[in-house]
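Asks: Take a look at the letters that make up each chain.
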Amino acid sequence: MALLLVVVQLDVIVDWTALGEGLRALAPGPAAVAWAVLACAGALDSRRFVAAELLGPRLDLVRRQPVSASAAGVPTALLLLILGAPVAAVAAVWYGPSDTIAMALWTLLGTGPALLLGAGRPLAAILVVGLAMSVVAIGQAWPAARLPALAAAVVGMLPLLGAGAMRLAPGGGTRAQRVGGRSTGVLTALVRRDVLALVRREPGTLAALGVVALLVGLVVRVARVNNAVHGMASVCAALLALAAVGPFVLAGAGAAARHAGRRFDPPEWPVLGRTRALALAATASVLLLPSWAAAAVGGAGALGPVAHLRVAALFAAMVTGAACLVAVRPRRPDHGVYPWWLGACLALTMAGSAWGPLAAAGLAGAALWGARAAIVRRRR
Amino acid sequence: MSALIAADDLRYRYPTGFQAGPLTFSSGPGVVHLTGPNGSGKTTLLRCLCGALRGFSGSVRIRGVDPREVAARRDVALLSAEPELPEFLTVDEAWQQLAAIRGVPDWAGGTLRDRLDLPPGLRVGHASAGQRRLIELLVAAAGDPAVLLLDEPFANLDPDRAHRVRTLLEAWRATRAIVITSHLPLPLQPDQVAVTRAAGADPA
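Line by line, the protein sequences are chains D and Y.
Quick note: the first sequence, position 359, residue 390 per this note's numbering, numbers continuous.
Quick note: the second sequence, position 90, residue 75 per this note's numbering, numbers continuous.
Don't read these hints as lab results, they were simulated from the structure.
Mixed in with the good hints, there may be bad ones.
[Claimed, not checked] Some but not every residue of chain D turned toward chain Y, in silico, with C-beta under 7 angstroms:
| id | residue |
| --- | --- |
| 1 | Gly216 |
| 2 | Arg224 |
| 3 | Val226 |
| 4 | Ala228 |
| 5 | Arg231 |
| 6 | Arg232 |
| 7 | Gly292 |
| 8 | Glu299 |
| 9 | Trp300 |
[Said to hold, decoys possible] Restraint-style ranges between C-beta atoms, simulated for each label pair:
| id | chain 1 | residue 1 | chain 2 | residue 2 | range |
| --- | --- | --- | --- | --- | --- |
| 10 | D | Ser384 | Y | Pro0 | 43 to 53 angstroms |
| 11 | D | Val230 | Y | Ala159 | 40 to 50 angstroms |
| 12 | D | Ala123 | Y | Ala93 | 38 to 48 angstroms |
| 13 | Y | Val50 | D | Ala102 | 35 to 45 angstroms |
| 14 | Y | Gly115 | D | Arg223 | 21 to 31 angstroms |
| 15 | D | Ser99 | Y | Ala93 | 31 to 41 angstroms |
| 16 | Y | Thr96 | D | Ala378 | 56 to 66 angstroms |
| 17 | Y | Leu173 | D | Leu245 | 41 to 51 angstroms |
| 18 | Y | Val50 | D | Ala175 | 27 to 37 angstroms |
| 19 | D | Pro278 | Y | Val50 | 54 to 64 angstroms |
| 20 | Y | Asp145 | D | Ala102 | 53 to 63 angstroms |
| 21 | D | Val98 | Y | Glu54 | 30 to 40 angstroms |
| 22 | Y | Val50 | D | Ser99 | 33 to 43 angstroms |
| 23 | Y | His111 | D | Leu109 | 49 to 59 angstroms |
Where is the CB? At the ideal position from N, CA and C, for every residue including glycine.
Based on the provided sequences and hints, a complete structural model is requested.
Replies: Here it is in structure tokens:
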């Protein structure tokens, strides 16, 4: 559900056709950087699936051989090319079936960084992306040098891919994951518990948040239609409407903590203070996300990327502020302080200069730090 | 082989002046019976052993690491005497959450749940006192921690369920260190007995 809302949000913010055309029109250097960013984002998104499900079990045979990382890189790269065939097919649609170099590059970019990130080697992943992007840049500047550049890049990637394959634990996943302690797994478990508490114990609060989200979308839409407003007026409508949801978000996050009882944060659990603080902020985000998406849909066309960044800064400050207040007093978060916090964040995000939203983002960071400090203090 | 759990001159002093301990013992796999009269600080010491109370003096080591560090707390689980699980969770959700928190999300808790005769979809809030005790035990064991600290694990259990728990603990004692507090004799033979005494005013 949350993912769907993010997709809606992104779809509203980003004009994909224009983005594609813009990327094609870029000079070789910026194009390479843009593709690298996209490849890294995709790899980050799919790293766990690629490491645990797709590659981990299939690389068991390679891992058992007494060979060096470079030698293991050859079968690993072959496996990546085979498993990445669907990615190559997409490249064929994009560039035409005759462009095998682009297909090979897409496949390596789609699977290599994901394998390395899944194996816990982010620097190697960045290096692989860098090598691939060098091929793209060289290919755009000197088309004849594409093939030699690709060959050189692949030779350079082999030891990295081999080392990554060797680091995957038997049966999939990294060794660190097998030993335990993935902070993302802990985070998911905590947020899931908090959301379950709300779904089962506070359906009224959730329903209210749904209705409020509709109202937020409506308010932003009305502001846009009535005024034919562009620029700051629409942005202010979105920011004000979002801030009005704040008390509901704090009430929801507090209710989740209250229903967890002593299990809100037992000091004997192996959970870092910062992980618990992040989980609180994530729970608050789940509550605020529908309103954010509604504001984005309501303001579609009138809110530009900068406006969305302002809204995102307010969103971050709101959820971390709520997390901090719940961390300080889980059973009874201070509803008297929160409006002041919201007011300060609103004032900053509505400021004309770019420094305001940046300061709001800074406040969000400070609130997260405060939440962590409160949790650590209570455990002592 | 190093001890799974070791305590050396462990003491905890409340602001009221009450002091639990001292306690000194060391154990590999097996059962330790932590005993003492009512109010002697057994539960307090148990909470120190798992890192829930951190202002203790003396030393505690879980596989050689202080339980105040996160790495050690992955290897130790506490079964409290009082029910603590949120009532809105089902049995499976409760143990799955703890298994994920201990970094073993694919822990096969279903087998243990069946051995304890617990329905997977039973809400904690709808369980009887005895069932709730078993759910708390299942959740404590989630993720296979090497050290189990059990505070009165046989309380509220009928003879059949007490027998199930006893059988389970007998199976676990070969691979885990199990510290059980009780002021009554245990229904299973302990490998060690540690006795606590207290000094000063009552913690309450």
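Asks: The structure should be examined with respect to each hint, and the outcome stated for every one.
Replies: Structure-based check of each hint:
1. Gly216: Since chain Y brings a Cβ to about 5 angstroms from Gly216(D), closer than 7 angstroms, the hint holds.
2. Arg224: Status holds, d = 6 angstroms.
3. Val226: Val226(D) check fails; min Cβ-Cβ to chain Y is 11 angstroms, beyond 7 angstroms.
4. Ala228: With a minimum Cβ separation of about 6 angstroms from chain Y (threshold 7 angstroms), the hint on Ala228(D) holds.
5. Arg231: Check passed: Cβ of Arg231(D) comes within 4 angstroms of chain Y, closer than 7 angstroms.
6. Arg232: holds, 5 angstroms
7. Gly292: holds, 6 angstroms
8. Glu299: holds, 4 angstroms
9. Trp300: It holds, given that the least Cβ distance between Trp300(D) and chain Y is near 6 angstroms, below 7 angstroms.
10. Ser384(D) with Pro0(Y): 43 to 53 angstroms: Cβ of Ser384(D) to Cβ of Pro0(Y): about 51 angstroms, so the range 43 to 53 angstroms holds.
11. Val230(D) with Ala159(Y): 40 to 50 angstroms: Once the Cβ atoms are compared, 41 angstroms apart, the range 40 to 50 angstroms for Ala159(Y) and Val230(D) holds.
12. Ala123(D) with Ala93(Y): 38 to 48 angstroms: Holds, at about 43 angstroms.
13. Val50(Y) with Ala102(D): 35 to 45 angstroms: holds, 38 angstroms
14. Gly115(Y) with Arg223(D): 21 to 31 angstroms: At roughly 28 angstroms between Cβ atoms, Arg223(D) and Gly115(Y) fall inside 21 to 31 angstroms, so the hint holds.
15. Ser99(D) with Ala93(Y): 31 to 41 angstroms: Given range 31 to 41 angstroms: holds, Cβ gap about 36 angstroms.
16. Thr96(Y) with Ala378(D): 56 to 66 angstroms: holds, 57 angstroms
17. Leu173(Y) with Leu245(D): 41 to 51 angstroms: violated, 60 angstroms
18. Val50(Y) with Ala175(D): 27 to 37 angstroms: violated, 60 angstroms
19. Pro278(D) with Val50(Y): 54 to 64 angstroms: violated, 43 angstroms
20. Asp145(Y) with Ala102(D): 53 to 63 angstroms: For Ala102(D) against Asp145(Y), whose Cβ atoms are near 60 angstroms apart, the range 53 to 63 angstroms holds.
21. Val98(D) with Glu54(Y): 30 to 40 angstroms: Cβ of Val98(D) to Cβ of Glu54(Y): about 38 angstroms, so the range 30 to 40 angstroms holds.
22. Val50(Y) with Ser99(D): 33 to 43 angstroms: Holds, since Val50(Y) and Ser99(D) (Cβ atoms, about 35 angstroms apart) stay within the stated range.
23. His111(Y) with Leu109(D): 49 to 59 angstroms: Between His111(Y) and Leu109(D), where Cβ atoms are some 55 angstroms apart, the hint holds.
Comparing the model with each earlier hint shows violations of hints 3, 17, 18 and 19; every other hint is respected.
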